[in-house]
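Visitor: Letter 26 of the sequence shown, counting from 1, is numbered 352 in the numbering used here, and no numbers are missing.
A hint or two may mislead.
Each pair of labels, with its calculated beta carbon distance range [unchecked claim]:
#1 393 - 421: 38 to 44 Å
#2 328 - 453: 42 to 48 Å
#3 475 - 449: 24 to 30 Å
#4 401 - 341: 18 to 24 Å
#5 331 - 432: 20 to 26 Å
#6 452 - 337: 32 to 38 Å
#7 390 - 422: 32 to 38 Å
#8 479 - 450: 37 to 43 Å
#9 421 - 467: 18 to 24 Å
#10 351 - 423: 24 to 30 Å
In case anyone wonders, no lab produced these hints; they're calculated from the structure. Heads up, the beta-carbon is just placed ideally off N, CA and C, and yes, glycines get one too.
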Amino acid sequence: MNRTRLLVMTALVSAMCAIGALVKIPMGIGSAALDSAPALLSAAFLPPAAAGTAAMIGHLLSAITGGSPLGPLHLLIAAEMFVVVGGFAWLHHRGRNLLKWGFFLVGNGVVAVLPFYWLVSPAFFWTAIIAVPAASIVNAMVAGATMPIVRKVAVRKEVAR
Numbered sequence: 327m328n329r330t331r332l333l334v335m336t337a338l339v340s341a342m343c344a345i346g347a348l349v350k351i352p353m354g355i356g357s358a359a360l361d362s363a364p365a366l367l368s369a370a371f372l373p374p375a376a377a378g379t380a381a382m383i384g385h386l387l388s389a390i391t392g393g394s395p396l397g398p399l400h401l402l403i404a405a406e407m408f409v410v411v412g413g414f415a416w417l418h419h420r421g422r423n424l425l426k427w428g429f430f431l432v433g434n435g436v437v438a439v440l441p442f443y444w445l446v447s448p449a450f451f452w453t454a455i456i457a458v459p460a461a462s463i464v465n466a467m468v469a470g471a472t473m474p475i476v477r478k479v480a481v482r483k484e485v486a487r
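With the hints as constraints, model all of the structure from the sequences given.
Guide: Here it is as structure tokens:
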């Protein structure tokens, strides 16, 4: 993939993450947004660093459109998204299909929430430790259901070139 195509695809996935952030699914104590699903899908056609970058930019765009309730802590969340989605894509490219889902669910749903126990408050942490894994599961289900289609299209595009 040439640099221009890589840049455009990364920007498109970032924009889809921001759009996905506007899709809210009520979950009782909050809502889950579909902001991670496009970044997870990008693992099928982007290198790990680009997929992580798309997730990072997508989170920052969704934080801006959501009013940035955590302020500068969104920079930490964006960095966590880069690592989690980049690791997911790295595992995907190595054929570790079961491990990549576990890595995403544990990394995004549990490990990424841990710093907020000390950075915000224990009460925030205990609320987030329920809501964020639930949102991670919803995003993983959407991405998992559509990834076989995206993978086939990405393979066809590579063969056609």
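Visitor: None of the hints should be skipped; say for each whether it holds.
Guide: How the hints compare with the structure:
Here the CB-CB span from residue 393 to residue 421 is close to 40 Å, well matched to the stated 38 to 44 Å. For the hinted restraint 42 to 48 Å between residue 328 and residue 453, the CB-CB distance of approximately 45 Å keeps it satisfied. The hinted range of 24 to 30 Å is not satisfied by residue 475 and residue 449, whose Cβ atoms lie roughly 41 Å apart. The beta-carbon spacing between residue 401 and residue 341, approximately 20 Å, falls within the hinted interval of 18 to 24 Å.
Checking the proposed 20 to 26 Å range against residue 331 and residue 432 shows it is violated: the Cβ atoms sit about 32 Å from each other. One distance hint, 32 to 38 Å for the beta-carbon pair residue 452 and residue 337, holds here, with the actual separation near 36 Å. A C-beta distance of roughly 33 Å is found between residue 390 and residue 422, which places it inside the suggested range of 32 to 38 Å. The given range of 37 to 43 Å is respected by residue 479 and residue 450, whose C-beta atoms sit roughly 40 Å from each other.
Between residue 421 and residue 467 the beta carbon distance is about 21 Å. The supplied range of 18 to 24 Å therefore holds. For the pair residue 351 and residue 423, the supplied restraint of 24 to 30 Å holds, since their beta-carbon distance comes to about 25 Å.
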